[in-house]
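As you go down the protein sequences, you meet chains A and B in turn.
Residues 1 to 317 in our numbering are what the first sequence lists, from first letter to last.
Residues 318 to 539 in our numbering are what the second sequence lists, from first letter to last.
Note that these hints are calculated values from the structure, not bench results.
Remember, predicted model here, so these are calculated numbers, not experimental data.
Any given hint could turn out to be false.
[Claimed, not checked] Estimated spans, in silico, between C-beta atoms of each pair: (1) A/A109 - B/V428: 34 to 40 Å; (2) B/F323 - A/R48: 46 to 52 Å; (3) B/S341 - A/A257: 27 to 33 Å.
[Claimed, not checked] Computed list of chain A residues with no C-beta within reach of chain B, every gap over 12 Å: (4) A40; (5) T299; (6) L308.
[Claimed, not checked] For the chain A half of the interface with chain B, some residues (derived, Cβ under 8 Å), not all of them: (7) N63; (8) I102; (9) E142; (10) A174; (11) I175; (12) P177; (13) V290; (14) P294; (15) F296; (16) A298; (17) L302; (18) L306; (19) V310; (20) L313.
Cβ atoms here follow ideal geometry from the backbone N, Cα and C, with glycine treated the same way.
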Amino acid sequence: MSHWLGWLNQVFEVLIALAAAPIFLGWVNQCRAWLQNRSAPSLWQPYRGIHKLLHKEVVLAHNASSLFRIAPYIVFGTMAAAAAMIPSLSTRLPFTSAADAIALVGLFAAARMFLSLAAMDVGSAFGTLGARREMMIGFLAEPALLMVIFVASLMTASTALPLISERLSGETLAIHPSLLFTAVAFGMVMLAENARIPVDNPATHLELTMIHEAMLLEYSARHLALMEWAAALKLFNYACIGMALFVPWGMATNYQALSLALAMLSLAVKLIIVGAALAVVETLSAKLRVFRAPEFLATAFLLAVLGLLVHLLQVAR
Amino acid sequence: MNHIPFDLQIINALAALLLLLSFSMLSQRRIVSLVNLLAMQGLLLTVATLMVAWRTGETHLYLSGLLTFALKVVFLPWLLHRLIRRLNVYWDTEPLLNIPGTMLVGVLIVVFAFGLAQPIAELASTATRNAIGIAVAVILLSFLMMITRSKAMSQVVGFLSMENGLFFGAMSATYGMPMVVELGIALDVLVAMLVLGVFFFQIREQFDSLDLHHLESLKERD
Numbered sequence: 001m002s003h004w005l006g007w008l009n010q011v012f013e014v015l016i017a018l019a020a021a022p023i024f025l026g027w028v029n030q031c032r033a034w035l036q037n038r039s040a041p042s043l044w045q046p047y048r049g050i051h052k053l054l055h056k057e058v059v060l061a062h063n064a065s066s067l068f069r070i071a072p073y074i075v076f077g078t079m080a081a082a083a084a085m086i087p088s089l090s091t092r093l094p095f096t097s098a099a100d101a102i103a104l105v106g107l108f109a110a111a112r113m114f115l116s117l118a119a120m121d122v123g124s125a126f127g128t129l130g131a132r133r134e135m136m137i138g139f140l141a142e143p144a145l146l147m148v149i150f151v152a153s154l155m156t157a158s159t160a161l162p163l164i165s166e167r168l169s170g171e172t173l174a175i176h177p178s179l180l181f182t183a184v185a186f187g188m189v190m191l192a193e194n195a196r197i198p199v200d201n202p203a204t205h206l207e208l209t210m211i212h213e214a215m216l217l218e219y220s221a222r223h224l225a226l227m228e229w230a231a232a233l234k235l236f237n238y239a240c241i242g243m244a245l246f247v248p249w250g251m252a253t254n255y256q257a258l259s260l261a262l263a264m265l266s267l268a269v270k271l272i273i274v275g276a277a278l279a280v281v282e283t284l285s286a287k288l289r290v291f292r293a294p295e296f297l298a299t300a301f302l303l304a305v306l307g308l309l310v311h312l313l314q315v316a317r
Numbered sequence: 318m319n320h321i322p323f324d325l326q327i328i329n330a331l332a333a334l335l336l337l338l339s340f341s342m343l344s345q346r347r348i349v350s351l352v353n354l355l356a357m358q359g360l361l362l363t364v365a366t367l368m369v370a371w372r373t374g375e376t377h378l379y380l381s382g383l384l385t386f387a388l389k390v391v392f393l394p395w396l397l398h399r400l401i402r403r404l405n406v407y408w409d410t411e412p413l414l415n416i417p418g419t420m421l422v423g424v425l426i427v428v429f430a431f432g433l434a435q436p437i438a439e440l441a442s443t444a445t446r447n448a449i450g451i452a453v454a455v456i457l458l459s460f461l462m463m464i465t466r467s468k469a470m471s472q473v474v475g476f477l478s479m480e481n482g483l484f485f486g487a488m489s490a491t492y493g494m495p496m497v498v499e500l501g502i503a504l505d506v507l508v509a510m511l512v513l514g515v516f517f518f519q520i521r522e523q524f525d526s527l528d529l530h531h532l533e534s535l536k537e538r539d
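One chain only, chain A, in its complex shape (with noise of 0.2 Å):
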C-alpha cells in the first residue's frame, strides 16, 4: 500500500515542478521587472512562450546531425529525473534510493555536456563560444556545489537528499557557521549555474557577453520550447535543493493529505522568497568579466570548504 503511495507521491511532485518552474520564473521575472522600474510581465508570460514556440514549424540548419535534435529532449528529461530526486514537496521519495545527491550533480553534468555538444554541433562561432564558456564555468562550479553537499551529509551522515533535509529539519535550532557558509556558496554557485546576472544575463542577446544564450541560438520551435522549460526547470530544481539543505522545514514526512497540502503552501512561500531575493541579488550586483568568473567560483568553493573545515573543527570534539 505505502509502496504504491510513494510512486505516486513521486509522480506528483515531479509533475508539480514541471508546472511550477515556468511559474517561478516568471515570478522572478516579474520581481525584477518591478525593482528596475519597468511595468511586469504577467506571471504566466514564460507558458505564453512556450506555448507559441510549440505551435511553430521547426527550422534545421542544414548540417545539423542528429544529436542537435535529440540533445533538447535529452536536456529536458534529465532536468525532469533531477526534479525526481529533490525533496520539494515529500521527503517519502521512493526514487532517491537509486540515486542520492551525487548522482544529481552527475545528471546536471550530463545535461550540461549535452547542451554544449549541440551548440557546437551546427558550427556557428557564437554556439562554440558559449558552450566553451559554459564548460569553464561548470567545471568550476561542479567542486563547489559537490563540497556544499559534502557539508550537508557529513551532519547527517547520508548523500539522500531527501534524508538530509530530514534529519537536519529534525535538529534543534542552533547557529552552524558551516552552513551558513555553505549557503553563501550555494547561492553562489546558483546564479552561476542558472545564468544568471554577475555571470551572465539572461535577458541579453548582445554577442560577446551571452553563455548560455549564445548555446540555444540555432533552436526553434518546440525544440527551443523544451529547453527554454529546461533552463527553467534548472533553476527551479536549485532553488528546491537550497530549501531542501538550508530552510528544510515544512516539508511532508508522511503520505496524508493534510501534510501533502501544508507542504504545498510552504513551498509557494518558500519559492515567493527565494524569487524575491534572487531578482534582489540580480539587480543589485553588476556582471562581471568573464575572466572575473574564475575568481567567483573560486570564492564559492573556498566558502564551502571553509564551511566543511569549520564544521570539522567545531563539532569533532
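Please build the complex by placing chain B on the supplied structure of chain A, with the hints as guidance.
Below, chain B without anything else, positioned relative to chain A:
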C-alpha cells in the same frame, strides 16, 4: 549531535566569521576596503570578547573589550584612512601570487592551523577552546598577506590583523592575558602604528612609491 549552549554557539559563529574576514582581506585589492575589513574584524573581536566576559564573569575582559573597541575599531582605522588620503594610495599592486592562488594556499594554511591547534585545544580547559584553531589560522593568514603584498600599507594591515588573531587566540585558550600584558601590547601596537606612519612618508620621499620591493636595492654609499 552534541548540544552546545547558545552563547557558545554565538562565540563559535563569531570565530567562523573572523576566519571569513581574514579570507576577504586576502582577496581584497583596494586598500580602503582593506582598512574597513580590519575595522570590522576589530568589531567582531570586541563582541566576542564581551561575550566571553559575560559568560565567564571575568571583569578584566570587559575592560580589554572596550580597549579593543577604542583602539582597533575607532582609532587605528581612522589613522589608516587619514594616511591613505595623505599618501594617496588607494590600490595595491597585483600581489606576488594571484588571488585565487593565494586563496588556495590560504585553505591549505587553515588545514595546517587546525591540525596545529588540536593538541593545544586538548590541553586547554576553557569552553572556547574550539576557537584556538581559528585564531592560529587567522595569524597564519595574516602572515600570508604580509608575504604576498608589496605595498607597505597592506603589510601594516596584515600586521594589525595578526595582532587581532593573537588576541583572539589568547582569549580562547586562557580567557585573556593579564591586564598589564594586554595594556602593554595595546600600547606597543599604537606606537608601532605611529612609527610606521612616519616610515611611510620617509619611504615615499625616498622612492616616490610605497612599494617595498624598492627596499631590496638599498645599499650603503661608498
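Here's how the hints hold up against the structure:
no., hint, in the structure
1, A/A109 - B/V428: 34 to 40 Å, "violated (27 Å)"
2, B/F323 - A/R48: 46 to 52 Å, "holds (50 Å)"
3, B/S341 - A/A257: 27 to 33 Å, "violated (48 Å)"
4, A40, "holds (35 Å)"
5, T299, "violated (7 Å)"
6, L308, "violated (10 Å)"
7, N63, "violated (39 Å)"
8, I102, "violated (22 Å)"
9, E142, "violated (16 Å)"
10, A174, "holds (6 Å)"
11, I175, "holds (4 Å)"
12, P177, "holds (3 Å)"
13, V290, "violated (15 Å)"
14, P294, "holds (7 Å)"
15, F296, "violated (10 Å)"
16, A298, "holds (4 Å)"
17, L302, "holds (5 Å)"
18, L306, "holds (7 Å)"
19, V310, "holds (5 Å)"
20, L313, "holds (5 Å)"
The structure does not agree with the numbered hints 1, 3, 5, 6, 7, 8, 9, 13, 15 stated previously, though it agrees with the rest.
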